[in-house]
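Trainee: Please model the complete structure; the sequences and the hints are all you need to start from.
Quick note, the sequences are listed as chains A and B, same order.
All letters in the first sequence, in the order written, are residues 1 to 102 by the working numbering.
All letters in the second sequence, in the order written, are residues 1001 to 1424 by the working numbering.
Some hints could be false.
Unchecked claim - Computed footprint of chain A on chain B, listed as stretches where at least three residues anywhere in the stretch have a Cβ under 8 Å from a Cβ of chain A:
hint: 1; segment: 1339-1345
hint: 2; segment: 1353-1366
hint: 3; segment: 1410-1422
Don't read these hints as lab results, they were simulated from the structure.
By construction, the Cβ of each residue, glycine as well, lies at the ideal position given by its N, Cα and C atoms.
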Amino acid sequence: MTGQFTLAALCLLAAAAHASTPDAACTGHARNLAANCTTCHAADSHDASPLPRLAGQTKAELLQKLHAFRTGERAATVMHQIARGYTEEQLELIATYFAAHP
Amino acid sequence: MNRRKFLKAFSLAASTPAWSGLAGCAATPAHGTPHVIVIGGGFGGATAAKYLRMWSEGRIAVTLIEREAHFVSCPISNLVIAGLKNMADITADYDKLSKRWGVRVVIREAISIDMDKRRVHLAGGERLGFDRIVLSPGVDFMPEQVEGLAGNAERIPHAWKAGPQTKLLRRQLEAMPDGGVFALHIPKTPYRCPPGPYERACVVAHYLRTHKPRAKLLVLDSNSEIQSKKALFAHAFDGLYRKIIEYRPDSTLVSVDAKGLRAELEFDTIRGDVLNVIPPMRAGRLVDALGIELVNGRWVDVDWLTMEARGAPGVHVLGDATFPAPTMPKSGHIANQQAKLAAAAIIELLAGRTPDSAPMLINTCYSFVDDRNVAHISSVHRYDAGEKTFLPVAGAGGLSAAANEAEGRYALAWAQNIRTDMLD
Ligand SMILES: Cc1cc2nc3c(=O)[nH]c(=O)nc-3n(C[C@H](O)[C@H](O)[C@H](O)COP(=O)(O)OP(=O)(O)OC[C@H]3O[C@@H](n4cnc5c(N)ncnc54)[C@H](O)[C@@H]3O)c2cc1C
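Mentor: Written out as C-alpha cells, the structure is:
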C-alpha cells in the first residue's frame, strides 16, 4: 500500500500544525473529512466521469477551487452548497489529504 | 471453515507490512486479528465492509452477510419502472469486495444475534463469532397497518426494495390500458428516501405522457404536503404533468381490495388499474434481536460518534434503520457516509483509542422529473458535542433552482460513483 508513508507523514504534519488537538490527526480526522467527498468523487472514478476524482490535485489547486465555489465566483449546481458547510480549517485538512494521496 | 481457521487464513492473507510506518498513530489490537461482522450488503453495509478493510489495511477480518446474491440499487430503480433504464443498470455483484478487499462475503440470511456469546446465527445453522458487529438491514414493511395489504405484494406491489418488485411494477405499468388509472400511495413520514415517491410520480407520468396519454396518475399522500423538494415537484405536477397527475394530500389508506384493485380512503374509494402502495415501514426486523427499545417502536437510537446502538454496546447500526438526527434523511448517500464514520470509529475502538470527536456528513439526493431533467436537495451535517447529535450546518446545503439537464448527468455519475465507492 503506497498510502502508508504519506499517511504517516500527514499524520505527523497535522499533529504539528494543530498541537492542541494531536488526536485529530491520529484518529484519521482529515481522512474522515475527505471521505465525505468520495461518495460523489469516488477514488476510482473514471477519467471521463463528470464527477472527477480529487486525489492527486495539488493542495493550492483544490483550495482555490473550493474557495471559488464558496464565494460563488465559480458557478456550480451543488458544490457551493457543500463548500459552505466546512470551515477554512476543515477545507485545509481535506485539500492536504487529497494532495497527499495521488 | 471454523472461526479459528478463518482468522488464521485472514492474518496470513493480510499482506501489509507491520504498523511501524505509522508509529505514534497506530496501536496494535490487544488480541489477534479482530473480527467484525457486517449484516446487510446495501448502501450502509457494503460501504462499511470495504472501508473497514481499506482503512485497517487488512488488520481487521471482515465478514459480510447478505441474503441476496446480487446488489440491486433503489436509486435509479424508478427509471427502470418508467422504462428509461433496465435491471442490469441497477444490478451489481459483490466480487470485488472479496477479491480486491478481502471481505469474506457470505450470501445467507442472518436469523438472530446472540448478544451474550457474541455470535450470529445464520440460516442453515452456521454460527459466527464477532468482536464488533455492524447492522445495516434497511427497512422492513408493515403491510398489516393497511387492511387487506399483507400477503398481496404480487397484486399490489410496493417496489420500495429494488429487485423483482421493480420488474413487477414495470410490467403492470406496461400492461395498463391507455385511459387507465395508476394510483401511488405514500405512507406517513419517516419512510426511506423522502423525495423518492414524488420522483416515481414524475417518471411514471413521463412514461404515461409519451405512451398512454389518456391515462391518469393519482398520488395519494398520507402526509399533508409534499415531503421533499416541494416547490420543484409541485411545479412538475402542476405544469408538465397537469393533465396526468392528480395530487391528493391527507389521503391515508384504510384498506385495499387486492382482487378488485380498490383502495379505500377515509372519505373515498378508488379503483385503479395499477395500485402501487408503499407500506408504512420500520427498521429491518433483524434489529429486534438486540432486545433494545426502538424509537416509536420502529427505529434504532444511535450514538452519533460511533453509530453504536444505545443499549447494545459493540453493535453499530447504520442507514435507514436508524432514528435520524434532525433533518437527516433516510438515503443511500447518508447510509454510505454513516458507514465510513462507523468504520473509522470501529478501527479506533478496536485499537483502544478514542474515535474522531468532530465528524461531518453530507447528504445529496437527486430526483428525475422526466427522462433527463434532475433536481437535487443537499445538506451538510456537523456533530454537535453539546447536543450529542448531528445538526445541519446553517448556510450550507439547499436545492436546485429548477430541474436541469446538467444535473441529469451528475445524477447518473453519482449513481455510478457511489456504487464504485461501496463495491469496487
Ligand atoms: C425508489 C427509491 C429511490 C431511491 N433513490 C435514492 C437516491 O436517489 N439517492 C439516495 O441517496 N437514496 C435513494 N433511495 C434510498 C436508499 O435506497 C436507501 O436509503 C438505502 O438503500 C439505505 O441503505 P441501508 O444500508 O440502510 O439499507 P439497504 O440498502 O436496503 O440494505 C439492506 C440490506 O440488508 C439485507 N438484509 C436485511 N436483513 C438481512 C438479514 N437478516 N440477513 C441478511 N441480509 C439482510 C437486505 O437484503 C439488503 O441488501 C431510494 C429508495 C427507493 C426505494
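Trainee: Can you list which hints this structure breaks, lowest number first?
Mentor: Every hint satisfied by this model.
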